[in-house]
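A.B. asks: Using the sequences and the hints, build the whole thing.
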Amino acid sequence: MNLFSGGGVWLVAGKGRAFEARAGWQMQELVLVQPGSTSGGLAAAHDKEGELADEAAQADTRREFEERLAECGPLAYRVARGVLRNTADAEDVAQEALLRAYRQFDRLRDRSRFRAWLVRIAFRLALDRLRSGKRRELRDTLWSQPEQQLPTATAEDLAASNEFQAHLENALAELPEKLRLVLLLAAMEGHTIEEIAGMLGISTGTVKSRIFYARKQLAEKLRCYANTIRKR
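Everything in the sequence shown is counted per my numbering, starting at 1 for the first residue and increasing by one.
I should point out that these hints are in silico values taken from the structure, not numbers from a laboratory.
One or more of the hints may lead you astray.
[Said to hold, decoys possible] Have a look at the derived ranges for each label pair, beta carbon to beta carbon:
id : residue 1 : residue 2 : range
1  : E71       : E195      : 19 to 29 Å
2  : K216      : R85       : 20 to 30 Å
3  : E177      : T204      : 16 to 26 Å
4  : S209      : E174      : 13 to 23 Å
5  : R109      : A166      : 28 to 38 Å
6  : E71       : R109      : 13 to 23 Å
7  : A70       : S132      : 43 to 53 Å
8  : T204      : A59       : 32 to 42 Å
9  : S203      : A59       : 35 to 45 Å
10 : R223      : R100      : 17 to 27 Å
Quick caveat: nothing in here was measured; it's all calculated off a predicted structure.
For every residue, glycine included, the Cβ atom is placed at its ideal position computed from N, Cα and C.
C.D. replies: If you want it as structure tokens, here you go:
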């Protein structure tokens, strides 16, 4: 069954095994860990009836997961691609998001929220990948610049800049996740309202509303920070 289609295709085949097939590549097996199981659970089970019950439960879980994923699995790639703007990185992140979603599927009590749950997983993984990439770029840039070309700054400038950056990151982190997601995609990644609506599967009106409230809450948090600075 086709679980995901981006540059590659992920398939599930028997007993929780997944395969990735790409043009010109050999098929690679990816072992999926059954949600809620321990590494030696089935191997240690000697009771045949218990084994059959476990296998039936696993089959039901896989079947339900595949049904959910067939409907909204490609969204993981679109969200990752929207954040990273790089096809190869987006495919890697989407694959990791699908595997993580499978392993944690039994923790999702309200299965009707699978779509939003998968988006959050893909979004967080994509942000982690983006941040690590930017840290590497900054490090490489600093090391490659001749010393005389490096910008000069006073200790106070650096302290103020670092303090504001930390406050901004904290303010963003305090926003409700659904507001933070659309704000990052719109303001920091440059996506249009229509693109965000398509990625998240929501209406353009909902996107506009979330961006409005996200900016309002963020502005209030930054205003409080500015007032604190003035009082020093």
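A.B. asks: Are the hints correct? Go through all of them and say.
C.D. replies: Consistency of the hints with the structure:
1. E71 <-> E195: 19 to 29 Å: holds, 20 Å
2. K216 <-> R85: 20 to 30 Å: Cβ of K216 to Cβ of R85: about 27 Å, so the range 20 to 30 Å holds.
3. E177 <-> T204: 16 to 26 Å: Given range 16 to 26 Å: holds, Cβ gap about 20 Å.
4. S209 <-> E174: 13 to 23 Å: holds, 19 Å
5. R109 <-> A166: 28 to 38 Å: For R109 and A166 the Cβ distance comes to about 35 Å; the hint holds.
6. E71 <-> R109: 13 to 23 Å: Roughly 19 Å apart at Cβ, these two residues keep to the hinted range, so it holds.
7. A70 <-> S132: 43 to 53 Å: violated, 31 Å
8. T204 <-> A59: 32 to 42 Å: holds, 40 Å
9. S203 <-> A59: 35 to 45 Å: Between S203 and A59, where Cβ atoms are some 37 Å apart, the hint holds.
10. R223 <-> R100: 17 to 27 Å: Because 37 Å falls outside the window, the suggested range is violated.
Consistency with the previously given hints fails for numbers 7 and 10, ordered from lowest to highest.
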